[in-house]
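Those protein sequence lines, which keep their order, are chains A and B. Per numbering that gives the first Met the number 0, the very first residue in the first sequence carries number 0; after that it's consecutive. Per numbering that gives the first Met the number 0, the very first residue in the second sequence carries number 0; after that it's consecutive.
Where hints are given, some of them may not hold.
Residues on chain A that point at chain B, a partial pick, calculated with CB under 8 angstroms [unchecked claim]: (1) Pro-17; (2) Glu-50; (3) Asp-70; (4) Pro-71; (5) Leu-74; (6) His-261; (7) Gly-262; (8) Glu-264; (9) Arg-336; (10) Glu-338.
Restraint-style ranges between C-beta atoms, simulated for each label pair [unchecked claim]: (11) Pro-318/B - Lys-194/A: 43 to 49 angstroms; (12) Pro-99/B - Gly-339/A: 32 to 38 angstroms; (13) Pro-181/A - Leu-118/B: 55 to 61 angstroms; (14) Gly-215/B - Gly-339/A: 37 to 43 angstroms; (15) Met-353/B - Asp-248/A: 51 to 57 angstroms; (16) Pro-99/B - Pro-71/A: 42 to 48 angstroms; (17) Arg-250/B - Met-76/A: 44 to 50 angstroms; (18) Arg-63/A - Leu-118/B: 18 to 24 angstroms; (19) Pro-71/A - Glu-294/B: 45 to 51 angstroms; (20) Ser-55/A - Leu-118/B: 17 to 23 angstroms; (21) Gly-339/A - Arg-250/B: 17 to 23 angstroms; (22) Arg-250/B - Gly-363/A: 42 to 48 angstroms; (23) Leu-369/B - Arg-63/A: 30 to 36 angstroms.
The following residues of chain B were derived to be distant from chain A, with all beta-carbon distances above 12 angstroms [said to hold, decoys possible]: (24) Pro-9; (25) Arg-67; (26) Gln-183; (27) Gly-198; (28) Ala-206; (29) Arg-236; (30) Thr-254; (31) Ala-281; (32) Pro-318; (33) Ala-333.
Since the hints were derived computationally from the structure, they do not count as laboratory data. Ideal Cβ placement from N, Cα and C applies to all residues, glycine included.
There are 2 protein chains.
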Amino acid sequence: MIDPTADLLPEGLEDRLPRSAAAATRIERAMLAAMDAHGYDRVRPPLIEFEKSMASRTDGLRTRNMFRFVDPRSLRMLALRSDMTAQVGRIAATGLGAAPRPLRLCYAGQVARMTGDMLDPRRENLQIGAELIGSESAAAAGEIVELAIDALEAAGAQGISVDFTLPDLVDTLAAKEMPLDPAQVQAVRRELDAKDAGGLKAAGGEAYIPLLYATGAFDDAAAKLASLDDGGVLASRIDGLRQIADRIDGRARLTLDPSERHGFEYQTWFGFTIYADGVRSALGRGGTYRIGGSEEVATGFSLYPEELIEAVKAEEPLPQAVFLPLGHDREAAARLRGEGWRTVAALSEGDDAMALGCSHRLEGSAAKPL
Amino acid sequence: MIDPTADLLPEGLEDRLPRSAAAATRIERAMLAAMDAHGYDRVRPPLIEFEKSMASRTDGLRTRNMFRFVDPRSLRMLALRSDMTAQVGRIAATGLGAAPRPLRLCYAGQVARMTGDMLDPRRENLQIGAELIGSESAAAAGEIVELAIDALEAAGAQGISVDFTLPDLVDTLAAKEMPLDPAQVQAVRRELDAKDAGGLKAAGGEAYIPLLYATGAFDDAAAKLASLDDGGVLASRIDGLRQIADRIDGRARLTLDPSERHGFEYQTWFGFTIYADGVRSALGRGGTYRIGGSEEVATGFSLYPEELIEAVKAEEPLPQAVFLPLGHDREAAARLRGEGWRTVAALSEGDDAMALGCSHRLEGSAAKPL
């Protein structure tokens with residue numbers, strides 16, 4: 000089917016028509032409700048901020064790919080948000096700087112970026128997430144991973160899997176057990192990301208090759224990783240991962256890819272990516288980090304339910320509606336709405352109940368099937 | 000109290016912290032639910048569009064006050080939306096161009112503008128509205144006014160009043176009953192807007208002076224207006240207003256200011272502004288119009304609940320939460336959440352239930368008051 004709006008909207012931007020909008024609204028609310036149930040208060044930051052403020056709050060957030068423009072009031076550069084995590088970090092450090100810790104905040108909103116990428120050409124996304132501010136412990140990480148699973152399940156995702164990683168693995172090992180020159184660290188990280196044993200050897204990181212095989216199903220991979228850790232510098236991290244895994248216990252397939260760093264460049268000890276059956280790309284990711292500026296520790300996740308919405312929108316139930324003919328009993332119509340019915344009122348004789356999506360018609364004071 | 004975020008956000012932009020965010024979310028959902036109950040399907044257009052497309056869809060929408068920037072993909076100018084009505088008009092004309100009429104659509108989202116004004120310094124607003132596409136009849140206008148009242152009542156507004164106007168009044172009269180040169184029309188409109196009898200006389204619009212007095216409580220003002228309409232050119236309009244007024248009957252205070260045109264420059268025969276007790280400015284406005292480009296007739300409203308949110312946020316109820324001590328019964332906690340409780344889990348021995356806003360504590364499998 001040709002989308003008649005295709006040439007009317009810029010590449011990577013689209014309208015959500017009724018079914019897709021209903022699915023997005025339902026999923027957004029289900030996720031917010033799951034986070035609320037665990038004590039996470041929603042905050043709503045603005046669409047626009049000073050570019051400098053966006054940039055300083057999370058090291059990982061590049062403003063290069065944000066839509067930017069000059070503020071006619073301050074003559075400073077503004078940016079349209081491409082990520083809400085940095086905004087929530089700013090709120091935690093300022094407006095809620097004096098609130099007791101741990102501080103639990105959540106958010107949902109549209110974010111935009113100047114260019115899409117090969118994996119995802121979208122330039123606007125719905126971002127939904129939670130931040131647990133003031134802790135980066137295994138307990139905090141366990142709560143956050145479980146909450147991400149709760150939120151996805153509430154939204155209807157099935158067959159959830161979670162892939163754990165240790166973002167600062169190379170730094171930790173290079174400092175002690177598997178020494179590397181500072182110049183080598185970058186190269187070793189790069190070859191680990193590329194899963195290239197030959198490249199690792201060439202980069203002087205031969206000792207790191209076994210890490211390439213400490214991946215896969217969580218229990219096995221964690222055992223392999225532990226067996227490589229002669230000096231025990233990873234012991235607290237592996238123990239933390241096991242605590243998180245115990246907590247998830249059967250609610251999701253768990254895997255470990257301890258040297259995966261792509262997308263986790265600015266996390267501290269723990270990171271995770273989350274997937275669901277029937278959805279090709281990752282639905283979100285999270286981990287432990289430090290808030291830029293305040294340097295407070297935090298743990299959180301961001302979900303991007305776009306593909307989940309696409310996957311379910313065809314089955315999104317349409318509301319049953321009662322057609323209200325001209326001159327209908329208006330009190331009866333109001334009563335039906337109060338009972339949860341949707342009503343569609345005739346404006347003229349020509350209005351067609353079936354064409355307008357009605358399954359019933361108000362006759363007297365009762366809804367009769369069409 | 001000094002807002003510690005004040006210097007961190009650009010003028011006219013602000014964070015909603017938890018209470019304000021909760022009020023905004025509750026009000027947004029209540030309004031969407033009211034519109035859904037009357038058969039209005041939500042659509043979700045993107046934050047950004049081609050500037051040209053935004054400009055062409057409603058005559059009244061000036062892109063001058065929109066944040067604009069060059070699209071690196073198309074090299075065309077994009078604009079951040081300052082109004083969603085134009086977007087819904089585009090959807091009605093394109094993606095839903097083939098959907099049966101009347102077409103009922105609603106929306107809720109953030110809009111932004113480059114500069115605020117004296118009455119409202121905000122540069123970002125929550126806009127919520129409904130569009131009834133394919134009709135501008137008195138029946139359509141009655142449904143739309145009643146729906147705006149329903150939506151505001153659902154959001155908790157009290158003491159609603161609605162001010163009607165006839166945006167094309169001068170054009171209608173000038174064409175027949177009170178003839179004016181095309182050059183005089185502008186001046187007469189301006190002096191009517193200024194409520195300046197002397198100015199009207201000077202502009203050659205002496206015949207229009209009585210219109211200044213056909214204002215106030217609806218029934219009286221409508222009767223005065225009808226008495227001025229010797230030739231009956233306003234008869235169908237006055238009859239339409241009376242049909243709408245009959246329908247509202249007691250649900251809102253009704254007034255008429257037939258020559259009020261400010262903000263209704265691009266409406267057709269009917270316009271209205273809506274207010275509530277305790278809220279200084281108008282909460283929204285609406286009326287009949289033609290969709291730019293397709294020229295299809297439509298009737299709709301936009302609400303800006305910002306001040307309503309501010310008015311209620313202090314009383315926004317905080318959820319009761321149950322503190323979950325370390326080592327708590329996790330099934331009992333999940334069961335409490337299933338029953339609608341909010342839980343807050345301890346991450347360490349130091350976590351303070353009261354400071355974290357809890358009213359109860361999980362002991363065994365039961366929530367006990369603190």
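Tested hints:
With a least beta-carbon distance of about 4 angstroms to chain B, the hint placing Pro-17/A at the interface is held under the 8 angstroms criterion. About 10 angstroms separates the beta-carbon of Glu-50/A from the nearest beta-carbon of chain B, more than 8 angstroms, and the hint is not met. Evaluation of the Asp-70/A hint against chain B yields a held restraint, the C-beta minimum of about 5 angstroms falling below 8 angstroms. Look at Pro-71/A: its Cβ gets to within about 6 angstroms of chain B, closer than 8 angstroms, so that hint holds up.
Below 8 angstroms, beta-carbon pairs count as interface contacts, and Leu-74/A has none with chain B, the closest being about 11 angstroms; its hint is therefore violated. At about 24 angstroms, the closest approach between the beta carbon of His-261/A and any beta carbon in chain B exceeds 8 angstroms, and the interface hint on this residue is violated. With its C-beta approaching chain B no nearer than about 23 angstroms, Gly-262/A sits outside the 8 angstroms limit, and its interface hint is violated. The interface hint given for Glu-264/A is violated, since its Cβ lies 24 angstroms from the closest Cβ of chain B, which is over the 8 angstroms cut-off.
At about 4 angstroms, the closest approach between the beta carbon of Arg-336/A and any beta carbon in chain B falls short of 8 angstroms, and the interface hint on this residue holds. At a threshold of 8 angstroms, the smallest CB-CB gap from Glu-338/A to chain B is about 10 angstroms, leaving the interface hint violated. Range check, Pro-318/B to Lys-194/A: Cβ separation about 46 angstroms, and the 43 to 49 angstroms hint holds. For the pair Pro-99/B and Gly-339/A, the supplied restraint of 32 to 38 angstroms is violated, since their beta-carbon distance comes to about 24 angstroms.
Hint check: Pro-181/A to Leu-118/B, Cβ distance near 59 angstroms, so the stated range 55 to 61 angstroms holds. The hint said 37 to 43 angstroms for the Cβ distance between Gly-215/B and Gly-339/A, and at roughly 40 angstroms that hint holds. Against the hinted window of 51 to 57 angstroms, the Cβ-Cβ separation of Met-353/B and Asp-248/A comes to about 31 angstroms, which falls outside the hint. Taking the beta carbon of each, Pro-99/B and Pro-71/A are about 44 angstroms apart, inside 42 to 48 angstroms as hinted.
Checked against the hint of 44 to 50 angstroms, the C-beta distance between Arg-250/B and Met-76/A comes to roughly 48 angstroms, which is consistent with it. In this structure the supplied range 18 to 24 angstroms is violated for Arg-63/A paired with Leu-118/B, their Cβ-Cβ distance being about 37 angstroms. Distance hint for Pro-71/A and Glu-294/B: a CB-CB separation of about 34 angstroms, inconsistent with the stated range 45 to 51 angstroms. Range check, Ser-55/A to Leu-118/B: Cβ separation about 34 angstroms, and the 17 to 23 angstroms hint is violated.
Range check, Gly-339/A to Arg-250/B: about 22 angstroms between beta-carbon atoms, so the 17 to 23 angstroms window is met. Distance hint check for Arg-250/B and Gly-363/A: the Cβ-Cβ separation is about 24 angstroms, which falls outside the suggested range of 42 to 48 angstroms. Leu-369/B and Arg-63/A have their C-beta atoms about 49 angstroms apart, which leaves the hinted 30 to 36 angstroms range violated. Non-interface status of Pro-9/B relative to chain A is broken: a Cβ of that chain comes within 12 angstroms, the nearest being about 5 angstroms off.
Here Arg-67/B does not stay apart from chain A, with its beta-carbon only about 7 angstroms from theirs, under the 12 angstroms limit. Gln-183/B, annotated as away from the interface, keeps every beta carbon of chain A farther than 12 angstroms; the closest lies near 37 angstroms. For Gly-198/B, the non-interface assignment is confirmed: its Cβ lies about 33 angstroms from the closest Cβ of chain A, beyond the 12 angstroms cut-off. No beta-carbon of chain A comes within 12 angstroms of the beta-carbon of Ala-206/B; the shortest separation is about 35 angstroms.
With a minimum CB-CB distance of about 18 angstroms to chain A, Arg-236/B clears the 12 angstroms threshold, and the non-interface call stands. For Thr-254/B, the condition that its CB be more than 12 angstroms from all CB atoms of chain A holds, with the nearest at approximately 23 angstroms. Annotated as non-interface, Ala-281/B keeps its C-beta farther than 12 angstroms from every C-beta of chain A; the closest such distance is 23 angstroms. For Pro-318/B, the shortest C-beta to C-beta distance to chain A comes to about 7 angstroms, within the 12 angstroms cut-off, and the non-interface label is violated.
Not every beta carbon of chain A lies more than 12 angstroms from that of Ala-333/B, the smallest distance being close to 9 angstroms; the non-interface claim is violated.
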